[in-house]
Amino acid sequence: MNGYNSVVCIKQVPDTKKVTGDAMKADGTINRAALPAIFNPEDKNALEAALSVKERYGGTVTVITMGLPAAKAVLREALMCGADRAVLVTDRKAAGSDTLATSYILSMAVKKFNPDLVFCGRQAIDGDTAQTGPQIGEKLGYAVVTYLENLSLEGNEAVAVRDIGTGVETCRAKLPALFTVTEKFGELRPFIMRRVMKCKNAEPEILSCDDIGCEEARCGFAGSPTSVNKIESVVLAGGEFKEVAATDEGVQALVSELIKDHTIG
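Note that my numbering has the sequence shown beginning at 39, numbered continuously upward.
Simulated from the structure, these hints should not be mistaken for laboratory data.
We put the beta carbon where it would ideally sit given N, CA and C, even for glycine.
Any given hint could turn out to be false.
Beta-carbon label-pair distances, calculated as ranges [to be verified]:
hint, residue 1, residue 2, range
1, 233, 264, 37 to 43 Å
2, 202, 254, 51 to 57 Å
3, 167, 292, 35 to 41 Å
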(Lines of atoms letter the chains of each structure in order from A and count residues from 1; the text may use other names and numbers.)
(Lines give C-alpha, C1' and ligand atoms only; values in the text may rest on other atoms or scores of the structure.)
Protein backbone atom coordinates (compact mmCIF):
# COMPACT_ATOMS: atom_id res chain seq x y z
CA MET A 1 0.00 0.00 0.00
CA ASN A 2 1.36 3.42 -1.00
CA GLY A 3 0.67 5.29 2.22
CA TYR A 4 -2.47 5.65 4.32
CA ASN A 5 -5.05 8.41 4.27
CA SER A 6 -6.01 9.44 7.80
CA VAL A 7 -8.79 11.69 9.04
CA VAL A 8 -8.66 13.19 12.53
CA CYS A 9 -11.80 14.57 14.19
CA ILE A 10 -10.85 17.41 16.53
CA LYS A 11 -12.78 19.87 18.66
CA GLN A 12 -12.38 23.34 20.12
CA VAL A 13 -13.57 23.20 23.73
CA PRO A 14 -13.84 25.55 26.73
CA ASP A 15 -10.95 25.13 29.15
CA THR A 16 -12.81 23.41 31.99
CA LYS A 17 -9.76 23.69 34.25
CA LYS A 18 -10.53 27.41 34.49
CA VAL A 19 -14.15 27.12 35.60
CA THR A 20 -15.05 29.94 38.01
CA GLY A 21 -18.33 31.42 39.24
CA ASP A 22 -18.69 33.42 36.03
CA ALA A 23 -18.37 30.26 33.94
CA MET A 24 -21.67 28.82 35.15
CA LYS A 25 -25.01 30.30 34.11
CA ALA A 26 -27.97 30.54 36.48
CA ASP A 27 -29.51 27.42 34.94
CA GLY A 28 -26.35 25.41 35.63
CA THR A 29 -25.11 25.28 32.03
CA ILE A 30 -21.63 26.37 30.98
CA ASN A 31 -21.11 29.97 29.91
CA ARG A 32 -18.67 29.22 27.10
CA ALA A 33 -18.02 32.92 26.49
CA ALA A 34 -16.46 33.18 29.96
CA LEU A 35 -13.89 30.45 29.35
CA PRO A 36 -10.86 30.41 27.05
CA ALA A 37 -11.21 28.09 24.05
CA ILE A 38 -8.55 25.41 23.59
CA PHE A 39 -7.67 22.41 21.42
CA ASN A 40 -9.29 19.41 23.15
CA PRO A 41 -6.37 17.65 24.88
CA GLU A 42 -6.96 14.05 23.77
CA ASP A 43 -7.68 15.21 20.22
CA LYS A 44 -4.05 16.33 20.22
CA ASN A 45 -3.08 12.73 20.99
CA ALA A 46 -5.30 11.59 18.12
CA LEU A 47 -3.54 14.01 15.78
CA GLU A 48 -0.17 12.69 16.94
CA ALA A 49 -1.32 9.16 16.11
CA ALA A 50 -2.24 10.21 12.57
CA LEU A 51 1.00 12.15 12.07
CA SER A 52 3.03 9.17 13.28
CA VAL A 53 1.28 6.97 10.70
CA LYS A 54 2.12 9.49 7.98
CA GLU A 55 5.73 9.67 9.20
CA ARG A 56 6.21 5.88 9.26
CA TYR A 57 4.15 4.75 6.29
CA GLY A 58 3.45 7.82 4.14
CA GLY A 59 0.06 9.20 3.21
CA THR A 60 -1.99 12.24 4.17
CA VAL A 61 -3.65 13.68 7.27
CA THR A 62 -6.94 15.59 7.07
CA VAL A 63 -8.35 17.28 10.18
CA ILE A 64 -12.08 17.92 10.53
CA THR A 65 -13.95 19.89 13.15
CA MET A 66 -17.58 20.89 13.56
CA GLY A 67 -18.31 24.25 15.13
CA LEU A 68 -18.39 28.00 14.77
CA PRO A 69 -15.89 29.91 12.61
CA ALA A 70 -13.77 30.49 15.74
CA ALA A 71 -12.87 26.79 15.58
CA LYS A 72 -10.56 27.62 12.67
CA ALA A 73 -7.94 28.27 15.38
CA VAL A 74 -7.55 24.59 16.27
CA LEU A 75 -7.49 23.62 12.60
CA ARG A 76 -4.61 26.04 12.05
CA GLU A 77 -2.77 24.53 15.02
CA ALA A 78 -3.15 21.10 13.43
CA LEU A 79 -1.79 22.40 10.13
CA MET A 80 1.20 23.90 11.94
CA CYS A 81 1.97 20.47 13.40
CA GLY A 82 1.95 18.78 9.99
CA ALA A 83 -1.63 18.05 8.92
CA ASP A 84 -2.13 18.38 5.16
CA ARG A 85 -5.73 19.52 4.95
CA ALA A 86 -8.23 21.22 7.27
CA VAL A 87 -12.02 21.13 7.06
CA LEU A 88 -14.59 23.07 9.07
CA VAL A 89 -18.18 21.86 9.12
CA THR A 90 -20.25 24.84 10.18
CA ASP A 91 -23.99 25.26 9.83
CA ARG A 92 -26.86 26.68 11.87
CA LYS A 93 -28.60 23.35 11.35
CA ALA A 94 -25.93 21.72 13.54
CA ALA A 95 -26.59 23.99 16.55
CA GLY A 96 -27.60 22.09 19.67
CA SER A 97 -26.32 18.72 18.46
CA ASP A 98 -25.78 16.05 21.10
CA THR A 99 -23.36 13.17 20.53
CA LEU A 100 -25.85 11.29 18.34
CA ALA A 101 -26.35 14.21 15.95
CA THR A 102 -22.69 15.26 16.12
CA SER A 103 -21.47 11.79 15.24
CA TYR A 104 -23.93 11.65 12.34
CA ILE A 105 -22.74 14.96 10.89
CA LEU A 106 -19.06 14.09 11.37
CA SER A 107 -19.55 10.63 9.86
CA MET A 108 -21.01 12.24 6.75
CA ALA A 109 -18.02 14.59 6.56
CA VAL A 110 -15.50 11.78 7.11
CA LYS A 111 -17.15 9.66 4.41
CA LYS A 112 -16.42 12.40 1.88
CA PHE A 113 -12.67 11.76 2.24
CA ASN A 114 -12.74 7.94 2.05
CA PRO A 115 -10.03 7.41 4.71
CA ASP A 116 -8.13 4.29 5.64
CA LEU A 117 -7.93 5.35 9.27
CA VAL A 118 -9.99 7.71 11.43
CA PHE A 119 -8.66 9.03 14.74
CA CYS A 120 -10.60 10.72 17.54
CA GLY A 121 -9.62 11.72 21.04
CA ARG A 122 -10.99 9.37 23.69
CA GLN A 123 -13.32 12.11 24.91
CA ALA A 124 -13.84 15.86 24.96
CA ILE A 125 -13.34 17.68 28.26
CA ASP A 126 -16.55 19.70 27.93
CA GLY A 127 -18.85 16.68 27.78
CA ASP A 128 -16.74 13.73 29.01
CA THR A 129 -19.05 11.20 27.35
CA ALA A 130 -16.50 9.37 25.15
CA GLN A 131 -19.45 8.59 22.84
CA THR A 132 -18.80 10.57 19.66
CA GLY A 133 -15.81 8.63 18.32
CA PRO A 134 -17.34 5.14 18.59
CA GLN A 135 -20.65 6.43 17.20
CA ILE A 136 -18.86 7.82 14.14
CA GLY A 137 -17.29 4.40 13.56
CA GLU A 138 -20.64 2.65 13.96
CA LYS A 139 -22.32 4.94 11.44
CA LEU A 140 -19.51 4.39 8.94
CA GLY A 141 -19.54 0.62 9.46
CA TYR A 142 -15.83 0.67 10.41
CA ALA A 143 -14.06 -1.49 12.94
CA VAL A 144 -13.71 0.52 16.17
CA VAL A 145 -10.75 0.25 18.53
CA THR A 146 -10.97 2.36 21.70
CA TYR A 147 -8.34 3.53 24.21
CA LEU A 148 -5.49 3.28 21.71
CA GLU A 149 -1.94 3.41 23.11
CA ASN A 150 0.15 2.15 20.19
CA LEU A 151 -0.41 1.29 16.54
CA SER A 152 1.36 -0.46 13.69
CA LEU A 153 0.07 -1.27 10.21
CA GLU A 154 0.51 -4.37 8.10
CA GLY A 155 -0.99 -3.83 4.67
CA ASN A 156 -4.76 -3.64 5.07
CA GLU A 157 -4.66 -4.52 8.76
CA ALA A 158 -3.96 -2.55 11.93
CA VAL A 159 -2.25 -4.01 14.98
CA ALA A 160 -3.43 -1.95 17.94
CA VAL A 161 -2.44 -1.90 21.59
CA ARG A 162 -5.26 -0.61 23.78
CA ASP A 163 -5.63 0.18 27.47
CA ILE A 164 -8.12 -2.09 29.25
CA GLY A 165 -7.68 -0.64 32.73
CA THR A 166 -5.96 -3.62 34.33
CA GLY A 167 -3.40 -3.92 31.54
CA VAL A 168 -3.21 -3.75 27.77
CA GLU A 169 -4.76 -5.75 24.95
CA THR A 170 -3.30 -6.26 21.48
CA CYS A 171 -5.86 -6.68 18.73
CA ARG A 172 -6.06 -6.66 14.94
CA ALA A 173 -8.57 -4.74 12.85
CA LYS A 174 -9.20 -4.66 9.12
CA LEU A 175 -9.07 -1.24 7.52
CA PRO A 176 -10.85 1.09 7.29
CA ALA A 177 -10.99 1.45 11.06
CA LEU A 178 -11.62 4.14 13.67
CA PHE A 179 -9.48 4.59 16.77
CA THR A 180 -10.10 6.61 19.93
CA VAL A 181 -6.79 7.71 21.37
CA THR A 182 -5.68 8.31 24.97
CA GLU A 183 -2.94 10.51 26.35
CA LYS A 184 -0.79 7.38 26.70
CA PHE A 185 -0.19 7.38 22.94
CA GLY A 186 2.09 10.37 23.36
CA GLU A 187 2.08 14.15 23.32
CA LEU A 188 1.45 16.05 20.12
CA ARG A 189 4.69 17.12 18.47
CA PRO A 190 5.49 20.85 18.50
CA PHE A 191 4.70 23.20 15.64
CA ILE A 192 6.91 22.92 12.56
CA MET A 193 8.43 26.40 12.42
CA ARG A 194 8.45 26.65 8.63
CA ARG A 195 4.71 25.93 8.68
CA VAL A 196 3.79 28.47 11.36
CA MET A 197 4.00 31.52 9.11
CA LYS A 198 2.46 29.61 6.22
CA CYS A 199 -0.52 28.36 8.21
CA LYS A 200 -1.24 31.12 10.76
CA ASN A 201 -3.86 32.67 8.48
CA ALA A 202 -4.76 29.53 6.53
CA GLU A 203 -8.42 29.19 5.59
CA PRO A 204 -9.87 25.69 5.96
CA GLU A 205 -12.30 24.17 3.52
CA ILE A 206 -15.82 25.11 4.67
CA LEU A 207 -18.62 22.56 4.41
CA SER A 208 -22.29 22.87 5.32
CA CYS A 209 -24.63 20.06 6.31
CA ASP A 210 -26.08 20.19 2.79
CA ASP A 211 -22.60 19.92 1.25
CA ILE A 212 -22.05 16.55 2.93
CA GLY A 213 -25.55 15.21 2.30
CA CYS A 214 -26.98 15.37 5.83
CA GLU A 215 -30.66 14.88 6.53
CA GLU A 216 -31.85 17.97 8.41
CA ALA A 217 -33.98 15.89 10.78
CA ARG A 218 -30.83 14.16 12.07
CA CYS A 219 -28.92 17.39 12.78
CA GLY A 220 -28.97 19.88 15.65
CA PHE A 221 -31.81 19.97 18.14
CA ALA A 222 -34.08 18.00 15.81
CA GLY A 223 -31.69 15.04 15.77
CA SER A 224 -30.71 15.18 19.44
CA PRO A 225 -32.77 13.11 21.90
CA THR A 226 -30.48 14.03 24.81
CA SER A 227 -31.71 16.71 27.21
CA VAL A 228 -29.32 18.20 29.78
CA ASN A 229 -31.42 19.49 32.65
CA LYS A 230 -28.64 20.90 34.80
CA ILE A 231 -24.89 20.97 35.25
CA GLU A 232 -23.56 21.92 38.66
CA SER A 233 -20.17 22.27 40.28
CA VAL A 234 -19.82 20.01 43.32
CA VAL A 235 -17.33 20.93 46.03
CA LEU A 236 -16.20 17.94 48.06
CA ALA A 237 -15.93 18.68 51.77
CA GLY A 238 -13.49 16.86 53.99
CA GLY A 239 -14.93 14.37 56.45
CA GLU A 240 -13.82 13.22 59.87
CA PHE A 241 -10.42 11.65 60.25
CA LYS A 242 -8.58 9.77 62.94
CA GLU A 243 -4.89 9.69 63.63
CA VAL A 244 -3.41 6.22 64.00
CA ALA A 245 -0.07 5.49 65.58
CA ALA A 246 2.43 4.03 63.11
CA THR A 247 2.92 0.91 65.21
CA ASP A 248 1.73 -2.68 64.99
CA GLU A 249 -0.62 -2.01 67.90
CA GLY A 250 -2.05 1.10 66.24
CA VAL A 251 -2.68 -0.70 62.96
CA GLN A 252 -4.26 -3.67 64.74
CA ALA A 253 -6.58 -1.35 66.69
CA LEU A 254 -7.67 0.36 63.44
CA VAL A 255 -8.34 -2.98 61.72
CA SER A 256 -10.39 -4.18 64.68
CA GLU A 257 -12.45 -0.98 64.61
CA LEU A 258 -13.09 -1.26 60.87
CA ILE A 259 -14.20 -4.88 61.26
CA LYS A 260 -16.50 -3.91 64.12
CA ASP A 261 -18.06 -1.16 61.97
CA HIS A 262 -18.43 -3.62 59.06
CA THR A 263 -16.26 -1.37 56.88
CA ILE A 264 -14.17 -4.43 56.09
CA GLY A 265 -15.08 -8.08 56.52
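Hints, one by one, checked against the model:
Remark: the range hint 37 to 43 Å for residue 233 to residue 264 is upheld by a beta-carbon distance near 38 Å. Range check, residue 202 to residue 254: about 39 Å between beta-carbon atoms, so the 51 to 57 Å window is missed. A hinted range of 35 to 41 Å for the beta carbons of residue 167 and residue 292 is consistent with their spacing of about 40 Å.
When the structure is compared with the earlier hints, a violation turns up for hint 2 alone.
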